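Those protein sequences? They're chains A and B, same order as listed.
Positions 52 to 741 (this note's numbering) are the ones given, in order, by the first sequence.
Positions 12 to 260 (this note's numbering) are the ones given, in order, by the second sequence.
Note that these hints are calculated values from the structure, not bench results.
Please note: incorrect hints may appear among the correct ones.
Here are some, though not all, of the chain A residues that point toward chain B, as calculated from beta-carbon distances under 10 Å [as the list claims (entries may be wrong)]:
(1) GLN333
(2) LEU567
(3) LEU569
(4) HIS571
(5) ARG572
A few chain A positions that, by computed beta-carbon distances, are all more than 10 Å from chain B [stated by the list, open to error]:
(6) ALA175
(7) ILE329
(8) TYR449
(9) MET565
(10) SER711
(11) LYS738
Keep in mind that this is a model prediction, so the values were computed, not measured.
Positions of the beta carbon are idealized from the N, C-alpha and C atoms, including for glycine.
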Amino acid sequence: MYPDKNKSGAECGRCWSCARERTKKNIDAVTGKEEITVAVAGQPNTGKSTIFNRLTGLNQKVGNWPGKTVDRKEGRVVRGDRIYRLVDLPGTYGLTSNSVEEEIARDYIVSGDPDVVVAVVNAASVERSLYLVSELAELNTSIVIALNMMDVAEQEGRMIDARQLSAAIDLPVIPMTASMNQGVDQVFETLDAMDLQHPQERNSVGLPSEVSQLAELLDSPSSLPYPKKWAASKLIEGDYKVTQSVKNALKDGTWKDGKWKAVETFLSGHKEAANAIIRMRQKWIDEACKKAVKDVKDCRSPSEKWDRIFIHPLWGKLIAFLAIPLAALMGILLGMFTGGQVLFAALEGGPKIKAAWPGMLGSMAADGIAPALGWITALVCIIGFIYAIFYFLEDIGYLARISFLTDTFLRRIGAGGKSAIPLMLGLMCNTVAIAGTRVVETRRQRLVTIVMLPFLPCAGQTMVAAIFTLAIFPVKTAIIILAGLTIINFLAASLVGKLLGLAVPHPPADGMIMELPLFHRPNFRTIFGGVRMRIELFLRRAAGVIFFGLLIVWAVSYFPKGEIQTSYLYQFGRLLEPAGSMIGLDWRFMVALLSSFVAKEITLGTLAVLFSVSASDQQAIMQAIQNAISPAGALAFVVASHFYIPCLGSMAVLKSELGSWKKTLPLLAGMFILAFTLAFITYHAAKVII
Amino acid sequence: MITRRLLRWLRKLHKWIGVYIGILTAIWLVEMIVLPPIFNPGLPVVDGPPATSQGYSAPLSLQHALQSFMDQQPDGIASADELDEMAYLPVNGVYRFAVKERFLEWYIEARTGKILKYGFDSNRLVMKKGMLGWVHPVVSKVVRTPFKLLFIFLAITGLYIVFHPRKKQVNRSRTGSLLDMAPGEKRCLKGVSDVALMGRLAAVGLFPGVPIQMLRIRNRGPVVILVRHTCLALGRDIGARIMMSREAA
């Protein structure tokens with residue numbers, strides 16, 4: 052993980068001191084222009100993504116940070132004889148990491164990779180958002196400050212003098228209102244004028260003497276992944292990750308354990324130093340703001356008025372209680388009215404294609420390619436609309452309120468406040484819900500949410516269960532069974548979330564610290580930029596898997612003779628008959644369960660084909676089910692279907708969000724075993740009772 | 012110990028059942044005002060059969076009554092086929108014709124076949140469509156079913172609470188932390204009891220000496236504070252570790 056200790060410092064190229072030695076120009080091989088890496092960093096709620104979108108336009112590349120399922124956006128801008136490579140960093144409050152996102156931003160800045168850091172500062176709360184700058188100023192990287200949201204500051208009755216601020220901290224400060232495209236060009240003009248070969252002169256925070264003392268202790272041929280002085284200050288501040296890394300690096304070194312012992316003794320002897328560091332930063336910020344910031348009037352912001360309702364323990368919860376399902380439902384409905392139509396058309400057109408084009412190719416087009424494309428279009432539309440609603444709620448500031456209200460409850464099961472909407476979505480469509488979990492803040496909470504989601508019954512599963520129970524039981528019993536089953540699903544999901552939450556380590560001081568941003572008008576550019584990115588990522592990562600998966604399923608249900616009744620799927624179902632008889636199901640139901648892997652809604656269609664009744668005639672299907680299965684078997688089938696592995700689309704998204712099959716497959720295997728076990732128990736218990 | 016816990020739960024239940032019944036009552040009231048104009052096609056409102064002074068004389072046959080009814084060209088109905096209820100009320104000496112689906116009814120004098128009273132039955136509409144019955148009959152059923160039971164429960168818990176009033180917790184330990192602040196109070200931050208937390212809090216603007224205004228604090232759940240133009244929500248575990256100065260800022 053850390054550079055090889057045998058290599059000398061000059062060769063390792065990874066540690067701080069070597070990376071910084073790269074003073075020569077980075078020349079692009081093709082154009083011969085100088086390439087400059089610009090990191091866009093800032094605290095959350097400073098309008099960072101808006102600025103990034105304005106700076107790069109649509110010329111963006113999206114991906115993940117290496118090894119992490121956290122979005123990484125990059126843009127290239129050519130100006131004069133320079134190429135700017137802009138990298139959007141996850142929002143971070145400071146350089147002390149509390150989540151994977153903050154760690155990524157921190158590690159990237161500290162790595163020395165960026166030539167310049169554009170630090171976005173919120174003018175409406177300068178004192179707070181300058182904290183990140185105060186930490187950045189301790190590093191050697193050049194800094195440009197983008198003083199965003201000048202319009203909001205003015206509304207709030209605050210006057211920020213950018214020139215005074217610039218003079219006080221000796222860094223270029225550009226006042227801007229990115230939402231109205233003001234000041235964006237000035238950022239580039241400032242960057243153009245910067246001489247990156249020489250270190251920038253700046254007025255940085257004067258750190259207490261303990262920091263340099265500790266830095267000297269660290270100073271030896273060691274392979275620290277961080278600059279020494281910075282690492283020293285972070286050690287004093289008690290940063291969990293830095294402490295671990297330094298500990299490992301020093302234990303690797305020539306001094307063995309003794310070195311780390313010395314550091315530890317020093318730290319325990321200078322506990323007050325952390326206080327001093329923070330006080331120095333505070334002094335730095337206060338001095339910077341003293342002249343530059345004037346509160347003209349102390350006007351109450353309208354946000355406060357709204358918050359009286361929106362975060363009220365009763366009214367706020369009631370509103371959120373309505374808003375969350377509404378948002379989820381609206382996204383799905385809008386998607387169904389657009390992309391869903393394509394899917395329906397593809398399914399309806401199937402017989403026509405087969406008629407016009409008999410044989411294997413026709414069947415492949417009608418039952419394989421057309422529905423696959425239809426599904427992908429429908430999912431793209433639904434995911435697009437869901438994210439549009441998400442980002443809209445986030446941009447106007449309401450998502451933070453929902454998060455605040457649901458946080459206490461969801462934290463108990465290991466998820467976070469922002470998981471509320473994805474979890475709600477899980478009741479409608481798991482695929483969309485899992486794809487929607489990127490809004491959940493920390494990676495740990497997101498992991499818990501993602502793993503919980505496949506356990507929630509989606510609309511398709513509920514429909515299948517409804518038909519089955521209604522076919523066998525009276526209406527009242529059927530409703531009770533359905534409701535009970537859904538509750539059991541919820542409990543199972545919570546239990547899994549809880550267990551996972553306990554298993555995944557989390558940094559100390561994990562409690563909630565959440566900013567409630569001011570309510571403001573949405574910026575549709577940012578929203579659409581985000582939606583575009585999400586769709587692009589879905590198409591790139593999951594769509595292909597879904598497409599080929601559906602084709603494979605078509606193939607096994609078509610070959611060798613061209614009908615499902617003799618297909619490999621059928622043969623496989625026959626093979627599983629002994630297992631099926633253990634839970635009271637004959638081969639037809641096993642095949643139906645197998646095919647539900649494509650999409651849960653297909654279960655009934657497959658059964659209809661196997662019973663040779665019309666798929667659109669629900670009465671006939673119910674009749675056929677009634678004749679073919681015992682009540683205990685039906686119960687077992689419903690239980691198995693509710694806990695069975697998620698559909699293909701969900702699996703593809705699951706893999707793309709969990710990052711690897713290594714994490715996905717155990718989850719799927721676990722679900723498979725759980726489904727079978729529960730069905731087994733249900734079948735035998737029901738047989739005794741009924 | 013168990014009784015105390017029970018009492019707490021009862022109090023909570025009482026509160027939420029009260030909220031439930033309150034909301035339903037509010038919905039019901041709004042429905043009483045809103046639903047009739049929506050469903051009424053513009054006919055007068057009737058409530059029950061008319062009072063007639065006629066004695067017991069031979070009524071017209073149903074056929075004749077119907078014939079005479081249609082001859083009078085009643086409002087709101089095109090043909091006799093639409094009627095889904097035709098009944099003779101012997102006490103009043105009238106026929107009642109109704110379109111139950113649309114809540115319309117007509118009272119016809121049984122001897123002469125004259126329409127005495129007709130129109131829209133608001134009461135039955137509210138009974139049928141009220142309490143969210145307009146959304147779906149099942150919703151209404153689900154919402155209504157526990158109503159009576161809850162009312163009884165509310166009465167019992169109410170009495171229970173009257174006899175066991177809440178005892179104010181007098182000696183709430185004042186640790187001088189953020190959680191001791193009252194809503195609206197403004198005090199300065201003195202320090203943080205945890206080094207790792209200190210840096211995290213400083214990053215969101217919570218430095219020692221900074222004035223903090225408490226916006227929202229309850230018996231449980233996170234607190235909301237205003238610090239340097241930023242609204243922050245803090246978990247209680249974090250709030251407990253933030254020490255505040257005693258005097259107001």
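Going through the hints against the structure:
Given the 10 Å rule on beta carbons, the hint for A/GLN333 holds: about 4 Å separates it from the nearest Cβ of chain B. At about 4 Å, the closest approach between the beta carbon of A/LEU567 and any beta carbon in chain B falls short of 10 Å, and the interface hint on this residue holds. The criterion of a C-beta within 10 Å of any C-beta in chain B is met by A/LEU569, whose closest approach is roughly 8 Å, and the hint holds. This hint is violated: A/HIS571 has a C-beta 13 Å from the nearest C-beta of chain B, more than the 10 Å allowed.
Here the hint on A/ARG572 is broken, as its CB sits about 18 Å from the closest CB of chain B, past 10 Å. The Cβ of A/ALA175 sits about 6 Å from the closest Cβ of chain B, inside the 10 Å cut-off, so the non-interface label is violated. Residue-level check failed: A/ILE329 sits 5 Å from the nearest beta carbon of chain B, not beyond 10 Å. The Cβ of A/TYR449 lies farther than 10 Å from every Cβ of chain B, with a closest approach of about 13 Å, so its non-interface assignment holds.
The Cβ of A/MET565 does not lie farther than 10 Å from every Cβ of chain B; its closest approach is about 4 Å, which violates its non-interface assignment. The non-interface label for A/SER711 is consistent with chain B: the shortest C-beta to C-beta separation is roughly 30 Å, beyond 10 Å. With 10 Å as the threshold on Cβ separation, the claim that A/LYS738 sits away from chain B holds: the shortest Cβ distance comes to roughly 31 Å.
Going down the numbered hints, you'll see the structure goes against 4, 5, 6, 7, 9, while the others check out.
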